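So in my numbering, spot 15 of the sequence shown is number 15, and the numbers just go up one at a time.
Since the hints were made in silico from the structure, they are not lab data. Watch out, some of these pointers could steer you wrong.
Okay, derived cross-link-like pairs now, BS3-like style, lysine-lysine, Cα gap no bigger than 30 Å in a straight line [claimed, not checked]: (1) Lys8 x Lys112; (2) Lys75 x Lys112; (3) Lys335 x Lys78; (4) Lys78 x Lys112; (5) Lys216 x Lys78; (6) Lys144 x Lys45; (7) Lys8 x Lys28.
Here the structure is a predicted model, which is why all the values come from computation and not from measurement.
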Amino acid sequence: MNKKVLLKVLKYIASLGFAFGILYLLFKNQDPVKLVEEIQKVDGKWVVLSMIFGGWAYVSRGLRWIVLIDALGYKSSKLHSIAAVSVGYFTNMFIPRAGEISRCTALNQTDKIPVDKLFGTILVERVIDFIFLFSLIFLTIALKFNDIFNFYNALQTQQIESAGNSNLLLLVAIIAVLVMSFIFLKKWLKKSSFYDKVLGFIEGLKEGFKSIKNMKRKNAFWFHTFSIWIMYFLMTYICFFSMEETLHLTAGDGLFLLVLGGIGMVIPTPGGVGSYHAIVMIGLSVLGVGTVYLGVDGDPTNPALIFPTIVHVAQTLVAIIMGSLSLIVLFLSKKKSNVAS
1 MNKKVLLKVL
11 KYIASLGFAF
21 GILYLLFKNQ
31 DPVKLVEEIQ
41 KVDGKWVVLS
51 MIFGGWAYVS
61 RGLRWIVLID
71 ALGYKSSKLH
81 SIAAVSVGYF
91 TNMFIPRAGE
101 ISRCTALNQT
111 DKIPVDKLFG
121 TILVERVIDF
131 IFLFSLIFLT
141 IALKFNDIFN
151 FYNALQTQQI
161 ESAGNSNLLL
171 LVAIIAVLVM
181 SFIFLKKWLK
191 KSSFYDKVLG
201 FIEGLKEGFK
211 SIKNMKRKNA
221 FWFHTFSIWI
231 MYFLMTYICF
241 FSMEETLHLT
251 AGDGLFLLVL
261 GGIGMVIPTP
271 GGVGSYHAIV
281 MIGLSVLGVG
291 TVYLGVDGDP
301 TNPALIFPTI
311 VHVAQTLVAI
321 IMGSLSLIVL
331 FLSKKKSNVA
341 S
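Generate coordinates for the entire structure from the input sequences, incorporating the hints supplied.
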């Protein structure tokens with residue numbers, strides 16, 4: 001096994017280890033039967049609606065991608081573009097950051113668009129999405145500063161149980177290690193041969209930025225960009241109505257959890273497993289819903305743990321359903337194309 005393959009294997013094992021380590025910490029003292037009973041009390045119609053919003057985000061992302069591709073002078077089927085995006089999300093559930101590769105490869109095989117050009121458009125999308133995310137982070141800090149400050153004071157004055165403090169600190173430590181490891185790994189990769197390969201995609205990136213400048217359908221691009229983020233917000237916010245403990249939360253609270261959830265999904269764990277649960281759990285505690293206290297016996301009624309579990313499971317189901325159907329669509333399209341040629 002060469003060094004590159006070994007590095008990828010080790011990264012994947014570390015990612016899985018982080019994910020399941022956090023899940024173990026969160027659920028180790030929970031009674032599975034009681035936890036399921038509590039989840040069954042959730043009003044399912046709001047969760048289904050959240051899934052619909054999640055699915056629409058896939059559609060908007062696929063349609064936005066077509067706008068960028070068209071600006072480069074290539075043509076792509078709307079169905080193929082949406083399907084490729086869905087396959088990307090599906091792949092990310094198992095291998096962090098592999099979704100972009102599978103997405104480009106899938107569309108290349110059906111629509112014969114060069115992979116480097118597709119990567120350029122995805123890098124542009126990433127820049128735009130990070131700008132949106134960071135803008136929302138600053139907005140959230142401004143809106144929720146008092147809640148965050150009060151929660152910090154509660155920790156300082158030990159208003160949260162001592163056992164919970166130790167678990168919270170462990171959670172925060174794990175998340176901090178994840179973030180620092182990710183930053184270190186990126187710096188290390190810049191010094192490796194991988195960085196040289198990245199230079200090969202510079203031209204594709206330039207083409208991608210040109211596509212924004214030259215695109216004929218700028219309005220469509222920004223419409224779908226806002227649509228994606230509105231759907232992300234609604235995916236979380238609508239689930240407030242599914243639980244009695246979260247009914248009182250506001251749209252501002254939904255924005256706060258959207259930002260935290262986005263950070264949780266950026267951390268390189270498969271599909272945000274563990275990292276999403278932990279960060280949203282802490283966020284709900286900041287809002288006064290539930291607690292980060294895990295305790296000796298656990299608390300299956302803790303809404304701060306149940307809520308992120310429900311939202312994450314719902315969106316995982318969306319990824320599985322959309323991804324599975326899209327794999328079939330792309331397979332049949334490729335087969336039809338091969339027969340025609």
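task = Quick one: which hint numbers does this structure break? Sort them smallest to largest.
result = none
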